[in-house]
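Asks: Note that our numbering has the sequence shown beginning at 1, numbered continuously upward.
Hint data in this document are derived by calculation from the structure and do not stem from the laboratory.
This structure is a prediction, so every number in the text was calculated from the model and none was measured.
Any given hint could be a false lead.
Said to hold, decoys possible - Straight-line Cα separation of at most 25 Å, DSS-like style, residue types lysine-lysine; simulated pairs: (1) 10 x 29; (2) 10 x 28; (3) 30 x 10.
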Amino acid sequence: MVLPWGNHAKETPETGMAGSAPANPRIKKKFVITFLVSCVIWVMISVLIHFEVIDFYEISRQMVAEDEIR
């Protein structure tokens, strides 16, 4: 989702380049943004598991019970 942010094609692309190739892709900046967003999501899920807001053991028991019914 981050890769297309701020991409603008060159007005006159060089020979052999796609016309839609970005002039300045800023890959490092996009990597850092993706890393930070994924860290925030990971921490949120980790906190939910730690404080047992999400109980994966109960979810797995329910899934096993549903499989046994079928």
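Asks: Does each hint fit the structure? Answer for all of them.
Replies: Quick rundown of the hints versus the structure:
A hinted pair counts as satisfied when its Cα atoms are at most 25 Å apart, and residue 10 with residue 29 qualifies at roughly 20 Å. A C-alpha spacing of about 20 Å is found between residue 10 and residue 28, which places the hinted pair at or below 25 Å, so the restraint holds. For the hint pairing residue 30 with residue 10, the CA-to-CA distance comes to about 19 Å; that is within 25 Å, so the pair holds.
Taken one by one, the earlier hints all hold for this structure without exception.
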